[in-house]
Each structure stands twice: as structure tokens, then as C-alpha cells.
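Novice: Could you put the whole structure together from the sequences, leaning on the hints where they help?
Below are the chains, spelled out letter by letter.
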Amino acid sequence: MSSKSSETTEESVPSIPDPTCPLVASYTYHSPTPSTSGPYILGVDEAGRGPVLGPMVYGVAYCPAAYREDLENLGFADSKTLNSSTRSSLLRTLCSDPANLAWSVRILCPQAISSGMLRKPPTNLNRQAEEATVLLIREVIQSGIQLSEVYVDALGPIKTYQAYLSSQFPGINFTVEAKADSKHKIVGAASVAAKVTRDAWVEGWIFEETHSNGESGRAVPVQTWGDELGSGYPSDPKTQAWIRNSLDPTFGFPSLVRFSWTTIKVALEKSGHDVEWIDDGQKSLVKAFETSSGRDKHRCIVARDLGIKNIGML
Amino acid sequence: MDMNVGVLPRDVLDTLLMKLDGDVEASSLRFLRLPHPRTGIPSLFLPYKSSSRQTTTILEVQAIVPPNERSWIMSEGTIIGDGKLLLMTPVDPAFLLIPILRSIYLVDGSYGTFRPADDILEDAMKTYFASLGGTCAIKGDPSSQLSQSDLANLCSLDCVHTAMKRICEVKEITPEIIVFRYSPECVLEYLRGKVTKLWKPAILESSRTVVRGLAKDGLMEEGNEALLNSGHLKAACDLVSQYIPQDLHDELQAFYDFAALNAHLDANQKELSALAASKMSNIEARESGKAVKADGKKRKGPTKGSHGVEKLKKVNTKGMAKLSSFFQKTA
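These protein sequence lines are chains V and S, in that order. Under numbering that gives the first Met the number 0, the residue at position 197 of the first sequence is numbered 196, and the numbers go up by one with no gaps. Under numbering that gives the first Met the number 0, the residue at position 328 of the second sequence is numbered 327, and the numbers go up by one with no gaps.
Rather than coming from a laboratory, the hints here were simulated on the basis of the structure. We treat Cβ as the ideally placed atom computed from N, Cα and C, and that holds for glycine. It is possible that part of the hints are untrue.
As a list, the in silico DSSO-like pairs of lysine-lysine whose alpha-carbon atoms are at most 27 Å apart [to be verified]:
#1 K310(S) to K321(S)
#2 K308(V) to K321(S)
#3 K296(V) to K83(S)
Chain S stretches covered by chain V per the calculated footprint, using a threshold of three residues with CB under 8 Å from any CB of chain V [stated by the list, open to error]:
#4 33-42
#5 240-249
#6 266-274
Specialist: Below, the structure is given as C-alpha cells:
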């Protein structure tokens with residue numbers, strides 16, 4: 000993957016404060032709070048839900064309800080129908096009228112996604128998506144914006160989600176719909192914010208595993224990974240090839256990879272070292288019942304308990 | 000070259016580093032295989048002379064080996080497959096000396112005569128080696144073979160000579176001639192001194208293992224203070240037992256009064272057995288109960304066939320081909 004400077008001659012993406020630092024934790028970015036008085040309408044969309052690599056980004060875009068007409072002419076549409084340079088230019092548009100237009104994104108790093116899904120009990124992807132959505136809306140409201148209408152791309156059952164969101168934010172009119180990004184321009188705008196942010200992270204991905212240690216200034220000498228990630232979707236042959244070539248039998252994959260994805264679990268099962276979970280085993284229990292012999296005979300309780308033994312050679 | 004991870008005294012580490020730098024004096028650092036006082040099986044020890052003190056200290060070399068496998072992942076990225084942690088700690092040379100000196104006493108049963116240190120040590124070494132040496136203490140483990148030269152090395156150490164007076168009767172014939180005689184009474188008194196030093200709640204309860212053991216026996220409960228005191232004493236003896244032969248441990252324990260404690264522990268044991276027995280009989284009752292039920296149903300009488308089966312029985316089969324006509328005898 001090309002470095003950020005050669006890929007974009009455009010300005011850097013505002014939602015990525017320092018492109019030279021690896022993504023190690025989830026975070027939120029808010030563009031400056033618009034000054035025009037409300038009420039506001041807000042759209043929610045996401046990018047990167049399906050891929051096995053990289054972050055999932057939830058985006059919101061908002062503008063005064065009165066601004067709705069102006070919004071129609073800005074060129075927002077379903078971001079999947081636009082190409083990368085169009086999207087970049089639309090992000091600039093989104094930043095061009097800060098008195099009226101604003102956007103925020105919540106970046107969920109791949110490890111946060113995986114740990115949530117692998118936790119016991121698990122926090123599934125839908126739940127993580129809901130939490131990100133609620134967080135963004137709440138923070139927009141907390142910045143002083145009064146919201147009257149919110150349009151959300153459907154996650155699962157529409158009625159349930161709509162009811163849930165309404166209960167979290169009474170007084171706001173929620174519309175949860177499929178293909179909301181093509182029906183409502185404000186959702187299209189949110190979609191651009193999310194997609195451009197995600198693409199920038201993935202294209203400019205810095206592996207924290209090889210990132211030089213700031214303290215000692217010494218880079219840890221480990222393997223590097225290939226550039227050709229493909230689209231990041233598990234069905235993409237390029238992505239599949241990257242996964243195959245990047246597997247380390249002991250450590251698995253770099254933090255770019257979502258370990259909770261079935262593709263990855265299967266790959267680790269097949270080509271990673273066999274794992275013996277010692278919590279499940281009974282080795283120490285069995286050991287406790289064995290009669291000791293040799294150098295271990297008649298050890299005091301502390302030596303037995305702590306596994307302290309005499310040895311004949313190093 | 001094998002890499003090991005260990006915990007050892009700083010000045011030993013310094014000496015080891017000096018050795019690596021080619022310091023001639025430091026190169027006298029050599030591991031010895033000496034019979035461990037508790038098991039008699041040759042195990043690693045490391046005598047060293049620290050630069051600060053003029054006497055030699057003997058380190059016992061142990062390894063912490065937990066039942067589940069572990070590996071070391073070093074900061075430079077290398078991995079040491081064997082996850083044992085070496086532990087080198089000072090050991091009282093008297094412990095090492097006891098089995099060796101005792102061997103003469105055990106052979107002829109008499110206390111023997113008073114003799115100079117070198118004499119008695121040489122004789123003891125020979126006797127001890129004769130009683131054990133030659134074969135491997137552990138089948139198939141060559142490191143368990145006793146080395147006469149290592150034993151001789153031990154007996155030449157200054158700290159071992161100093162230890163003699165802790166476990167022997169000493170007579171000063173002249174200021175230059177001091178004679179020794181191995182004394183089992185001295186040994187027991189010396190060991191009791193160690194027990195007394197350890198018999199302090201502050202010391203014993205600093206070990207989670209010891210505390211757990213005491214709690215498991217119900218000694219930490221209110222009202223059991225006297226028993227807890229006894230429990231502490233037993234724990235102190237147990238710690239000392241790590242470094243003495245089993246029979247000496249028995250003699251040491253016999254000196255103290257553990258009657259009340261043993262009665263308490265026996266009572267605990269009986270209670271546990273009774274509980275286990277009652278649980279077993281509950282389980283057995285449940286299981287045999289099931290068998291009784293099944294038999295009971297059968298004893299109610301011949302089982303009635305199902306409705307369909309009963310209907311079929313009433314059908315008039317006149318004119319119908321016999322079932323056997325559909326089958327041919329196999330060739």
C-alpha cells in the first residue's frame with residue numbers, strides 16, 4: 000500500500016489527525032460545530048462493515064432543516080456509486096460550509112471490533128454499530144445542536160431499531176430505512192464521511208507491529224506484510240491471497256485483521272499452531288495427585304505448590 | 000548456546016559477567032553436582048566467593064517448572080522454548096554436610112572418636128560415596144550419578160569447615176588443634192533453632208501457599224488460636240524438611256507436641272470421609288432407584304400392545320398370501 004503522501008496530492012483527511020501514527024484504538028472525530036441556529040437534520044451511515052480488514056467507520060452528517068434544499072444540489076448520493084476521487088471532493092464539499100454543514104465519525108479499530116465479538120458474552124457487530132450511532136448522536140446534541148429529524152440506514156429489524164433510538168432520544172423523529180443513503184442526501188453525506196475516512200485508514204495503514212518504538216527509537220525486527228490487500232472483503236481473491244501470505248503460525252495476524260471473522264478463524268485453525276487452552280485442562284490437578292519421586296520426593300508444601308524443583312543439569 | 004532465564008544474587012551475576020570478560024579469578028565459578036540432603040540425589044549447586052566477602056557461599060540451583068508448558072518471549076524477539084525459571088539461592092552448607100557426616104555414624108552406630116576436620120571429612124566422603132556411588136540414583140538420568148570429585152570439592156570449601164561446628168561436638172585441644180565428632184543431638188538442636196526462627200506468623204503467613212494450607216485445615220477460624228499456633232509450628236518444620244532426610248524430619252517433629260493438632264486434622268478427615276460416603280450413597284440410591292422403577296413397570300404385567308397393533312391382530316387374513324411366500328430360501 001502506497002504511503003499517504005504519494006497517494007493523495009490533496010489535503011489530508013480531517014478525521015485522521017496524524018496519518019503517521021498507527022490506528023491502535025477506537026476514537027471519534029467531530030468537525031467544528033456549525034453556528035447556524037437549528038433545528039437540524041442528521042444522517043447516519045457506515046463504511047467497512049463487511050470487510051475482514053481495517054476499521055469500521057460510523058459517520059453522521061448534519062445541517063439545519065432549513066438548509067435541506069441547498070443540500071440537494073451538492074452531489075451527495077449513495078457513496079458506493081461514486082468513485083474515490085469524487086468521494087474525496089465531496090468530503091471537501093462537506094467541509095466547505097462550516098456554518099451550516101458538519102460531520103462526525105466514530106472509527107472502530109479492527110481489534111476493538113474483534114474483541115467485542117469474541118468477548119463472553121459477545122457484543123455482536125450490530126450492537127457495536129448501535130453503540131457507535133448512539134454515541135455520535137449524543138455527542139452532537141451535547142455540542143449544542145438541536146436535532147429534529149434523524150435518518151438512519153437500516154441495521155436489522157427496522158421497527159425495533161427505530162423504537163430503540165426514539166427511546167434513547169425522545170423528541171427526535173427517527174426514520175430507519177433500507178437504502179437511506181440514496182433516499183436522503185444527508186445520509187449520503189454521512190456515507191461519504193465514513194467511506195473516505197475508512198479508505199484513508201486502510202490505504203495508509205501503518206502496522207503498529209513494525210512501527211518504530213518511540214522510546215528507544217529502535218524498530219522491532221519482525222516480518223513485514225504485503226501491500227496488496229485487495230478490497231478487504233473475504234470473497235476478494237486478492238484479500239484471500241494476502242491473508243494466506245500474512246499468517247504467522249504463532250501470532251496469527253497483524254492488528255489490521257478482524258480475528259472474529261470466520262475467514263480468519265478458519266485460516267488460524269487450518270494453518271496456525273494447535274492451541275491448548277490450559278484453563279480447560281487439568282494438568283495441574285493431575286500433577287497434584289501424582290506421587291512424587293526422584294528429586295521431587297518429600298518436597299515441602301511451598302516447593303510443591305510453586306513447582307520448584309532441583310535439577311541435575313541446566 | 001542455550002539461553003536460560005534465572006533469578007540469582009547480583010554479585011554472582013557480576014562474577015559470571017567477569018568470567019565472560021576473561022577474568023581469570025572469576026573462572027573458578029563452577030557448578031557442582033552434590034547429593035541433595037533431602038533425597039540424596041545429585042543436584043546442581045554453585046559455590047561462589049563474592050568479592051565483598053571472603054567466605055564462600057553455596058547457591059542451590061533450582062528451576063520453577065509449572066505443570067503447563069511455558070515459553071520465554073524475549074524483548075529482542077527470540078523465543079526460548081523451555082519456560083523454566085532458574086532460581087539460585089544461598090543454602091546453609093550444614094544441610095549438605097549432615098548426610099555426609101552422618102554416613103559414618105550410621106555405619107558403625109557409635110559416635111566415633113574426636114578427629115580433626117580434614118580427617119573426618121575425608122573418611123565421611125569415602126563412606127558416603129561407598130554407600131551410594133557408582134550407579135545413577137535415577138535410572139537413565141546420567142546427571143544423577145554421584146561425582147566423587149564434586150564431593151571432594153564441597154568438603155574443601157571454607158564455609159563447609161565453618162559449618163562443622165554447628166552439627167558437631169567441638170573440642171579445642173590446643174588453639175591449633177580442634178577436633179570434631181558428629182553429634183545427632185547437635186544436629187537436632189540446630190534444626191530446632193531453625194524451626195524456632197521460622198515459627199513466626201509474620202514469616203509463615205507471607206506465603207500464600209502456607210496460608211491456604213492452614214485455612215484448608217480450618218486453623219484460621221475464630222477460636223482455633225491454639226491449633227493455629229500448632230499449625231504454624233508444623234509448617235515451620237515442613238519448611239525445614241525441604242533440606243533434611245525424611246527420618247530426621249520425623250525425629251524433629253517428634254520433639255514437639257502435635258497431639259491436639261493431629262486430633263483436629265483426624266477429625267476433619269473423618270468428617271470429609273463421612274461426607275464423601277454419604278454423597279456416594281445418595282448417588283447410588285438414585286441410580287438403583289431408577290433400576291427399581293424400570294423393573295417395577297415390567298412387573299405390572301404383560302405390556303399392552305398399541306392401538307394399531309391390536310387392530311391388525313383382528314384383521315381376517317383368509318385368502319391373503321403368506322408372508323413367507325414373498326421370500327425365497329437362500330441358495
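Novice: Please name the hints from earlier in the document that this structure breaks, with their numbers sorted from lowest to highest.
Specialist: 2, 6
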